[in-house]
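The task is simple: from the sequences and hints, build the whole structure.
For the record, the sequence lines run as chains A and B.
In this text, residue positions in the first sequence follow numbering that gives the first Met the number 0: the first is 0, and each later residue adds one.
In this text, residue positions in the second sequence follow numbering that gives the first Met the number 0: the first is 0, and each later residue adds one.
FYI, nobody ran anything at the bench for these hints, they're computed from the structure.
Bear in mind that the values here come from a model prediction, so they are computed numbers and not experimental data.
Keep in mind that a hint or two might mislead.
Below are the DSSO-like pairs computed for lysine-lysine, each with C-alpha atoms no more than 27 Å apart in a straight line [unchecked claim]:
1. A:Lys-320 - A:Lys-31
2. B:Lys-146 - A:Lys-178
3. B:Lys-61 - A:Lys-428
4. B:Lys-146 - B:Lys-134
5. B:Lys-51 - A:Lys-100
6. B:Lys-146 - A:Lys-417
7. B:Lys-134 - A:Lys-184
8. A:Lys-325 - A:Lys-60
9. A:Lys-222 - B:Lys-146
10. B:Lys-134 - A:Lys-285
11. A:Lys-214 - A:Lys-164
12. B:Lys-51 - A:Lys-74
13. A:Lys-214 - A:Lys-365
14. A:Lys-74 - A:Lys-325
15. A:Lys-283 - A:Lys-47
16. A:Lys-365 - A:Lys-100
17. A:Lys-178 - B:Lys-134
18. A:Lys-300 - A:Lys-214
19. A:Lys-171 - B:Lys-134
20. A:Lys-244 - A:Lys-160
21. A:Lys-214 - A:Lys-43
22. A:Lys-222 - A:Lys-244
23. B:Lys-134 - A:Lys-283
24. A:Lys-244 - B:Lys-134
25. A:Lys-100 - A:Lys-214
26. A:Lys-184 - B:Lys-61
27. B:Lys-134 - A:Lys-151
28. A:Lys-318 - B:Lys-51
29. A:Lys-116 - A:Lys-285
30. A:Lys-100 - A:Lys-325
31. B:Lys-134 - A:Lys-175
Cβ-Cβ distance ranges computed for the label pairs, FRET-style [unchecked claim]:
32. A:Gln-425 - B:Pro-211: 53 to 59 Å
33. B:Pro-148 - A:Ile-376: 55 to 61 Å
34. A:Pro-108 - B:Leu-25: 42 to 48 Å
35. A:Asp-223 - B:Pro-148: 49 to 55 Å
36. A:Gly-102 - B:Ile-27: 30 to 36 Å
37. B:Arg-103 - A:Lys-178: 54 to 60 Å
We treat Cβ as the ideally placed atom computed from N, Cα and C, and that holds for glycine.
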Amino acid sequence: MNKKGLLGICLLLLASLLFAGGQKEGGAIAGKINVWGCFTELQKPLEKAVEIFTKENPAAKVEVLVFDLRDFEAKVAATAPVGQAADVIIMDHSLTRRYAKAGILEPAPAEIEQLVKTPGRYLTIAPSKCSYQGKVVGLPFFGGGPALFYNKDYFAEAGLKDPPKTVDDVYKYAVKLRKMDASGKLTRAGLSIRLTGPTGGTEKWGYIQNQYLGKSVVVDGKKDGTYYPVLDNEESARALQWHIKLLHGPDKSDDWALKHDAEGFAAGEVAMFNREAWVIPLVKEKGPNINFDVGYMQRDKYWRIYDWLVSACVPASGKKKGAAWKFAEVMQRKEVMEILYLDSGWIPSRRDLSFDNILAKEPRFKTFIVVPPGAEIYFDSTASSYTELWTKVGEIIQAGYRDAGLLNNMAGCREVMKKANDTATQILKSNNEYGE
Amino acid sequence: MNSFIRNAKKNHLLFVLCTLGPVLLLFIFIRIIPIIRTAYYSFTNYSLVIPKPALVGLENYKTMLQEPNFWEAFKNTAIITLACVFVTLTVALVFSVLLRRIERHSPIYEMLYFIPVVTPWVPATVIWRWLYDVKFGLINQVLEQLKLPNQAWLQNPEQVIYAIILVSIWKTLGYYMIIFSVGLKNIPDIYYEASYIDGASYVKQFRFITIPLLKPIVLFAMIMASIQFFQTFTVSYVISSEAQGSPSYECKVMVWEIYRNGFNFYKMGYASAEAMVLLVFILIFILIQFRVVRYEVE
Chain A
0 MNKKGLLGIC LLLLASLLFA GGQKEGGAIA GKINVWGCFT ELQKPLEKAV EIFTKENPAA
60 KVEVLVFDLR DFEAKVAATA PVGQAADVII MDHSLTRRYA KAGILEPAPA EIEQLVKTPG
120 RYLTIAPSKC SYQGKVVGLP FFGGGPALFY NKDYFAEAGL KDPPKTVDDV YKYAVKLRKM
180 DASGKLTRAG LSIRLTGPTG GTEKWGYIQN QYLGKSVVVD GKKDGTYYPV LDNEESARAL
240 QWHIKLLHGP DKSDDWALKH DAEGFAAGEV AMFNREAWVI PLVKEKGPNI NFDVGYMQRD
300 KYWRIYDWLV SACVPASGKK KGAAWKFAEV MQRKEVMEIL YLDSGWIPSR RDLSFDNILA
360 KEPRFKTFIV VPPGAEIYFD STASSYTELW TKVGEIIQAG YRDAGLLNNM AGCREVMKKA
420 NDTATQILKS NNEYGE
Chain B
0 MNSFIRNAKK NHLLFVLCTL GPVLLLFIFI RIIPIIRTAY YSFTNYSLVI PKPALVGLEN
60 YKTMLQEPNF WEAFKNTAII TLACVFVTLT VALVFSVLLR RIERHSPIYE MLYFIPVVTP
120 WVPATVIWRW LYDVKFGLIN QVLEQLKLPN QAWLQNPEQV IYAIILVSIW KTLGYYMIIF
180 SVGLKNIPDI YYEASYIDGA SYVKQFRFIT IPLLKPIVLF AMIMASIQFF QTFTVSYVIS
240 SEAQGSPSYE CKVMVWEIYR NGFNFYKMGY ASAEAMVLLV FILIFILIQF RVVRYEVE
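As structure tokens, this is what we get:
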């Protein structure tokens, strides 16, 4: 064979190799995509999604990174606007709206939009929470509001049987369930209140305020994208006073020098507290001897249960948007949702799947998915200034908690709530989002 | 090439430009330009989610002066800086003087005190977070043994700042001890021997020999420590980070306030204004230190 012939064969071989290398196997996806999650407990369900995705797309590689919520928010804030974020970002509905408004998120393709809008597939309110101006920008992944965790042994000790059903009952139960040592120092909280961490502080104070007022901290204005606060009223002041009475004076049932929240509950220092379903696996792991059950959110004039939604979103600047949406779709599979449910405790967004096997294993999850008749689900505002607003209002409320002078002082509580209302109004105005 | 080197040697300016130019360019690129851009952004409503910021004049500065969070952060930062600079440098100086007296064993102690310095800030703070824990923390366990009430070190706004100061001092003490030890080793023994013969006590030796001859080192340490503590962030951030839903009280400091406004609230323009104020304040503070201490050194 002459030199030209040999060169020709070599070129042909090289071309066929190149062609074969660039070909997607059976139309499958090739290359690497990055996924960022807003909670560390998402690691295992996402690993399952990666396993399925890479099995179906052997040429694809997926890197998953999960963070604490606040670190996650900062990371997305620093990278998404300059097109450096991951291909799939798993974030809550307030962030989804914020980034969609800035044009940072890619509207979902028709097949994803179809999924989101399929009746009965998700919670009824979900499609609106993962859409912006009518366009779907996220695929719902999980959510779930709070319920009352209570220690059954402490209940038995205090002669209590069933969980409290009303806001007044919770108060009375808290006083009965608290424990003090010989010196009168509180050694067990009857009800653990969110005393630090202002963003969550507003949300958790709002659990009680909602039952009095029937409205959330901030409500939608008449014009789309506008909001106004509803904090300067008697009901909000009552909610503040309710907390203050559990922190100071004769009914004091919680203190800063106790462990709080899930950590305190698992350590046996807390008799009751309101939290989401993720507490179940955590307490089982960290407090295996804690004998606990879960009851519904307490009611008053209104019965409102908080909920929220976390969706998988794809940035508009992403280079592998098709693959990213495919991965988001894989996250919806039952195998992934089951791990999400059992391992992280977060409630899967899918309502068309049966999780009876999980509920049989862990019946306490049922309280988080069955909405009791008469209760209304509410979501926090989607204002783009959500974090700032909730944080600064929370700082005012938690400063109020520390002020013993507000005990039985409704006028003082009204002043605190007026200050919170003014702060919220000012934040909304400075973000051009204020409107009644 | 040879003629270029000859010309460069003859022309001093060209030589300086060739040797220091690349470094200077790099410095301008990674330091000066970001500062200029930050100064520019401080006059805009730049937000991470608003692509095109508009000029708003002095609006960010006006808002900042009326914002209680800014003043709280400023006050906390000033307290932390003053307390940490004073205590760290005083204790470091005393320890290094004492170590000089046990010169044979001093490397062992220096190494021990230096361990916190080489420990990264985050794990070091996490350790302290556990020490301060209301139920399981060593500090409260000791208080319990002494029949004293548990303290909510990290939940009480009045106490959390002292918790932060203690961690910061513990973390940086070793570094300044080494700096002072090096300075002390450079003071000739002959001065001490002469004063000893003249009957000077340890206190007088310290006052009239050690302190005056150590002043340039003290100036350096004061400036470095002031810059370091004015920029404190990690301790406050890690100590108040959330653990299973029970975070600590957020002790606001300037850098955290900048971070929070920039990355949590997306108000980059406002955060830039805060950054500029911090920069100017540190510069003024350092200049005052230079003026006061350098004058005495001269």
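- Message: Check the structure against each numbered hint from earlier and tell me which ones fail, lowest number first.
- Response: 6, 9, 16, 21, 22, 26, 29 and 33
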